[in-house]
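Here's the letter readout for the chains.
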Amino acid sequence: MNEALTLLSFGEGGWGDTIAFGILVTVSLAIATLPFGLFLGFVIALAKNSSEPSLRLAANIYTTIFRGLPELLTLFLVYFGVQIGIQYGLTMIGVETYVEVNSFVAGMVALAFVFSSYASEAFLSAFRGIPDGQYEGGKALGMSRFKTMRFIVLPQLIRLALPALGNLWLILLKETSLVSVIGLADLVRESGIAARVTKEPFLFFGIACLVYLVLAMISSAGLSRVERWAKRGEAAR
Amino acid sequence: MIAANPAAELKRPPAPPRRWTNARILGHVLMALWIVSGASLVYYLGSNVASPFVLKYWPNYIDGFLVTLQIVSLSLLIGALLSLPIAAARSSRWIIFSAPVYGYVYFFRGTPLLAQTFLIYYGAGSFREELESVGLWFFFREAWYCVIFAFALNTSAYQAEILRGAIQNVPKGQWEGAEALGLSRPVTFFKVILPQAMMVALRPYGNEIILMIKGSAIASIVTIYDLMGETRRAYSRSYDFQAYIWAAVLYLIIVEILRRVWDKIELRLTRHLKR
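As you go down the protein sequences, you meet chains A and B in turn.
Read in order, the letters of the first sequence are residues 1 to 237 in this note's numbering.
Read in order, the letters of the second sequence are residues 1 to 275 in this note's numbering.
Chain A with its partners taken away, still in its complex shape:
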């Protein structure tokens, strides 16, 4: 037990700071992905909710692709695909350099694609939960379409979509672990290094799992607060 504590301590001979750094990378990757994923997901949900069939079809194709591919494969496609694409483009214009894509950015892009395709479904079902009368009410008040969206639809949309989006956030947090495969020094990779050096794999991977659990618990607590905030208008009823 004492040995384990020494191994997990900070500073000399301990792996605490390495793992803390890994946690930081994991959390910041998830947080950095979230706004892009949410925005893209919202735009795709708007397209799916449109009355224009071609727009709906285009959005559905996007969702089908990114929900059907394994996240790991999406990650490799983005990581190697972008690298090869840039390299190819540079060779075309006559520049001979070796390009390496930042694994953080590649992970962010791939996870945002996956997240947005699921988030669009969450937003879409929230859109379906908002009656037409809300749009008509906005129109009757003389609000522009943008204003109706911003002040009438969006607040209700957030409330309706939040439970599903909360689940997606928890999934996103777990999916960041895949980025360790393309070399980002996240929680799983750092614990892997610690496990290999100290020959205590069970301890370190167990710690990694526990950290994910704690992150999930913190997120759940935060999410329930956000949900209470989103529901603040309901209390009066």
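Source of the hints: derived by calculation from the structure; they are not laboratory data.
Take these hints with a grain of salt, some might be off.
Distance windows between CB atoms, simulated [to be verified]:
{"hint": "1", "chain 1": "A", "residue 1": "S125", "chain 2": "B", "residue 2": "S133", "range": "51 to 57 Å"}
{"hint": "2", "chain 1": "B", "residue 1": "S133", "chain 2": "A", "residue 2": "L90", "range": "54 to 60 Å"}
{"hint": "3", "chain 1": "A", "residue 1": "T91", "chain 2": "B", "residue 2": "L26", "range": "29 to 35 Å"}
{"hint": "4", "chain 1": "A", "residue 1": "T91", "chain 2": "B", "residue 2": "V29", "range": "28 to 34 Å"}
{"hint": "5", "chain 1": "A", "residue 1": "P163", "chain 2": "B", "residue 2": "A88", "range": "22 to 28 Å"}
{"hint": "6", "chain 1": "B", "residue 1": "I35", "chain 2": "A", "residue 2": "G16", "range": "52 to 58 Å"}
Just so it is clear, CB atoms sit at the ideal spot from N, CA and C, and this is done for glycine as well.
Based on these hints, arrange chain B on the given structure of chain A.
Structure of chain B alone, referenced to chain A:
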């Protein structure tokens, strides 16, 4: 009362002309983009069907495909068996059963599958002597067994929650009605409750299978040559990006076929609910 004039009734007003709204233009542009990229993908793959890469690696892809199917079906089956006692214990009134099982389910649903696989495959090495003394080392030494074990435990937690949710979703009146008819509790459960629960559980089960197919790509990280593993091996040997494109096409085909078949099954099984 006005007499109905059949000629006037048939004459409908003409449909309003479909104007080129911004949404319509955008939709057509995006569709054009999809069609162009789809066509160039088909052209790219078509022009590579007889390339040295495909001729050399397609047997590996088929092997990998079969390994993926084996991993998914084995772990789903074992997970389904495990999920029955887990779901029963989880909804038990006795806290000595429900509390530890709640912890189990929370652990496997709250941590990444990758970390779980590492914990079992690499973590077993920490207990090598103990495992050797009970004769289980052969099991944890093999990546194949570890992956099946990890995936089965993971999916059992998810499946137990699906099962529990579906059974709880059946209204209480169904139990009471069966009791009023004098049916015993096991008969009630298997003949009245379970069929209705399965109907509700069908969609989440389908999603779980798809998640498992996608998650099984993780097995490639611990040296299993499934579809993803063969893809990575082919890429690391040839540095040809089409390795990943073929894999993407294969995965999309599996998932899409499964999703459509599942929709058909659901439509068939719930046809008595359609009005």
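Here is what the structure says about each hint:
1. Evaluation of the 51 to 57 Å hint for S125 (chain A) and S133 (chain B) yields a pass: the beta carbon distance comes to about 54 Å.
2. Separated by about 59 Å at the C-beta atoms, S133 (chain B) and L90 (chain A) satisfy the suggested range of 54 to 60 Å.
3. The hinted window of 29 to 35 Å between T91 (chain A) and L26 (chain B) holds, with their beta carbons roughly 33 Å apart.
4. About 29 Å separates the C-beta atoms of T91 (chain A) and V29 (chain B), a value consistent with the hinted range of 28 to 34 Å.
5. Restraint check, P163 (chain A) to A88 (chain B): a C-beta distance of roughly 27 Å satisfies the suggested window 22 to 28 Å.
6. Distance hint check: the CB atoms of I35 (chain B) and G16 (chain A) are about 54 Å apart, consistent with the given range 52 to 58 Å.
The structure fails none of the hints (numbered hints given earlier).
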